[in-house]
Structure formats: C-alpha cells, structure tokens
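**Student:** Taking the hints into account, I'd like the entire structure generated from these sequences.
Residue 8 is where the sequence shown starts when you use this note's numbering, and the numbers rise one by one after that.
Treat the hints with care, since some could be wrong.
What the hints assert, rightly or not - With a straight-line Cα cutoff of 27 angstroms, these simulated DSS-like cross-link-like pairs (lysine-lysine) come out:
| no. | residue 1 | residue 2 |
| --- | --- | --- |
| 1 | LYS277 | LYS164 |
| 2 | LYS41 | LYS104 |
| 3 | LYS163 | LYS89 |
| 4 | LYS258 | LYS214 |
| 5 | LYS214 | LYS277 |
| 6 | LYS277 | LYS130 |
| 7 | LYS277 | LYS122 |
| 8 | LYS89 | LYS41 |
| 9 | LYS164 | LYS130 |
| 10 | LYS146 | LYS130 |
| 11 | LYS312 | LYS215 |
| 12 | LYS104 | LYS277 |
| 13 | LYS104 | LYS212 |
| 14 | LYS277 | LYS163 |
| 15 | LYS41 | LYS146 |
These are computed hints drawn from the structure, not numbers from a lab.
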Amino acid sequence: MFYTSTHHKSADKRAEEFLKQDLFLRSAFKIIDKMVNLSPDRPSVLVDEVLHSIFFLGIIHSPPYLPQAIVSNNEMLKELQKWYPQPFNFYSTQLPKRSPFSCVLDMIIYLTGKKGLLTEEAKESDIIESLREVISDLKKDEAIDLISSAICVSQKKPIQDSVRYYGVSMSTSGRVPGQIMVAASCLGTWDPYVADAVMTYYPGKVKKNYFDGTFQIQELIRCQAFSLTKGDQMDPCRSCGNLFGLTTCQKNVWAYGNCAEAESISNLLKNENEVRGQIRPASDRNMDENNWQRAIESVVNDLKKWLKSVRFNQHLQFYTPPI
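**Tutor:** Below is the structure:
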C-alpha cells in the first residue's frame with residue numbers, strides 16, 4: 008500500500024521534531040507529501056519531477072541535505088525509492104529544469120482538467136483557488152519555504168474564453184539557488200523569446216550593452232498576476248515591464264526571471280504560434296548571432312560559477328523524468 012498522509016500521522020515523533028528544526032526540511036517534506044497525496048497516478052511524472060527538484064535544492068542547501076534527511080519517514084522513503092528511483096539517482100548530477108512549485112501548479116492544472124469545467128474562466132478561478140488552498144494547508148503545518156508567492160495567467164487576445172496559460176514565481180530558498188534556477192530555466196525550459204529577454208539582464212539588474220532580447224507583448228495578450236496569499240490582482244513589477252513591455256506604474260526592480268510572468272508567458276508562446284509570430288524584439292541588438300551566443304555563454308559561465316560555489320557537479324546535464 009502506497010504512503011498516505013494517514014501513515015505520516017503515526018510517524019516517529021523524533022522525525023516530527025527534527026522537521027520543526029529547519030524551515031527547508033519541513034517545507035520540502037510537506038510539499039512532497041502533498042504531491043504524493045494529490046496525484047491520482049502511480050507513478051506520476053510530476054511527483055518524479057518535484058522529487059528531483061527538491062532533492063537538488065536540498066543538496067545545494069547550506070547545510071546540504073540528502074534525500075534521506077528530507078523524507079524522514081522510513082515507510083514513505085522506501086515507497087518513493089520503489090516508485091521513483093531516478094530522482095534518488097540523479098539529484099546530485101543533473102539539474103532540474105524548474106523549481107518545485109511549478110510542478111505543484113501543473114498538478115493542480117491536471118486535476119482541474121479532470122473536473123470537466125466548461126469554460127476557461129471557470130478553470131482559471133478553480134486553479135487559483137485550489138493552489139491557494141494547497142498553500143494554506145502547507146502553511147498550517149508551518150511549511151512556508153519553497154512556496155511561490157504569485158501566479159500569473161496569460162491568454163491571447165481577443166480574450167473571450169481563449170486558452171489560459173499559467174506560471175508561478177520561483178520557489179527556491181536563498182539567492183544562489185534562485186540564480187541557479189533562473190539560469191537553468193533560460194537554458195533548459197523557457198521559450199527562447201522569454202529566455203532571451205531574461206538573459207538581457209541576468210544575473211544582475213543591469214542591461215547588457217551588447218545584447219537586447221526584450222520584447223513588447225502587452226497589445227497581444229492579457230497577462231495578469233495574482234497574489235497566492237491574498238488572491239488580489241498584482242500589477243507587473245518594473246522588471247516585467249522592462250522584459251516584456253507590460254504596462255506598469257511600479258518602480259520596484261526585482262531579480263529578473265523570478266516573477267510568475269516569465270513562466271506564464273513562456274507557456275503561452277510555446278503553444279500559440281500566432282502570437283509568437285507577431286512578436287518583435289524591442290531592439291535589433293539580439294539579431295547578431297555572435298552577440299546572442301555571447302549572451303548564452305555568459306549565462307552558462309554564471310551558472311557554472313554558482314554551481315561551483317555550492318560544490319555541485321558543473322557538467323550541465325538537465326534531468327528529464329521518465330515517461
């Protein structure tokens with residue numbers, strides 16, 4: 008019988024106390040527990056991916072944590088090793104393509120799709136509220152790390168019941184893991200337009216003088232972020248205005264690539280060729296092949312530098328869950 012939260016209630020009390028001592032461990036364990044219990048499938052690609060992402064973030068954490076420390080329930084550990092051997096084999100040699108809460112979002116999207124809701128508007132409302140309920144449940148158990156603070160919804164215009172595409176903000180713990188995951192997303196996950204825009208600034212907040220991959224998409228799509236704490240609409244930050252031409256009065260410039268807009272717009276561009284075909288770069292500086300390659304090499308070198316700082320294998324191989 009596969010592990011359920013009922014088993015966890017009878018777990019060793021010492022393991023419970025250990026979890027309370029560290030924010031990362033507590034949150035990592037609870038997110039895995041939540042994903043296992045949400046999943047209707049066994050094995051699940053999304054559970055596999057979230058395990059690898061969390062185990063990777065554990066091994067680069069300070070102090071580093073092995074999977075056995077994160078999954079402190081022995082019964083659960085054995086079951087996960089049985090059904091999901093690859094995350095245990097590759098967490099210390101391969102990079103995740105995205106942060107853990109993106110997997111949680113996709114699980115919620117998958118489960119919402121099985122409900123048979125008739126309109127995209129109804130699905131959007133259900134996805135946001137379901138994700139907020141998951142976060143509320145996690146926080147009740149004092150799991151407040153590795154959780155996204157915002158969700159973004161993007162859809163092409165005209166927006167009447169057009170397909171929505173979702174993204175959440177980066178869910179890492181600390182500056183270095185955040186830098187690593189933004190670089191990994193640029194190189195391994197995001198649509199090239201989004202990756203080029205983020206690479207224009209990465210790893211800092213200063214625009215490169217030799218490359219500009221930013222673009223204007225405001226007139227082509229609806230792009231709306233929401234707080235996952237309060238549920239309120241959120242204006243784009245200045246960083247998203249700079250990257251994607253989103254209209255905003257905000258002046259705060261956050262670390263580029265951390266906002267939910269990046270993942271959401273990337274998912275839209277991967278699926279809406281009509282919108283993608285209408286995008287024009289804000290500058291012709293990204294049309295030079297040599298400068299584009301220089302920008303990519305800069306991201307690769309920065310990624311290797313961050314990985315070296317956390318003593319991780321610098322051979323850039325990305326993890327792919329088994330199908």
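**Student:** Run every hint past the structure and note whether it holds.
**Tutor:** Results for each hint:
no. : hint               : verdict
1   : LYS277 with LYS164 : holds (16 angstroms)
2   : LYS41 with LYS104  : holds (21 angstroms)
3   : LYS163 with LYS89  : violated (42 angstroms)
4   : LYS258 with LYS214 : holds (16 angstroms)
5   : LYS214 with LYS277 : holds (25 angstroms)
6   : LYS277 with LYS130 : holds (20 angstroms)
7   : LYS277 with LYS122 : holds (25 angstroms)
8   : LYS89 with LYS41   : holds (18 angstroms)
9   : LYS164 with LYS130 : holds (18 angstroms)
10  : LYS146 with LYS130 : holds (24 angstroms)
11  : LYS312 with LYS215 : holds (19 angstroms)
12  : LYS104 with LYS277 : holds (16 angstroms)
13  : LYS104 with LYS212 : holds (22 angstroms)
14  : LYS277 with LYS163 : holds (12 angstroms)
15  : LYS41 with LYS146  : holds (12 angstroms)
Consistency note: the structure conflicts with earlier hint 3 alone.
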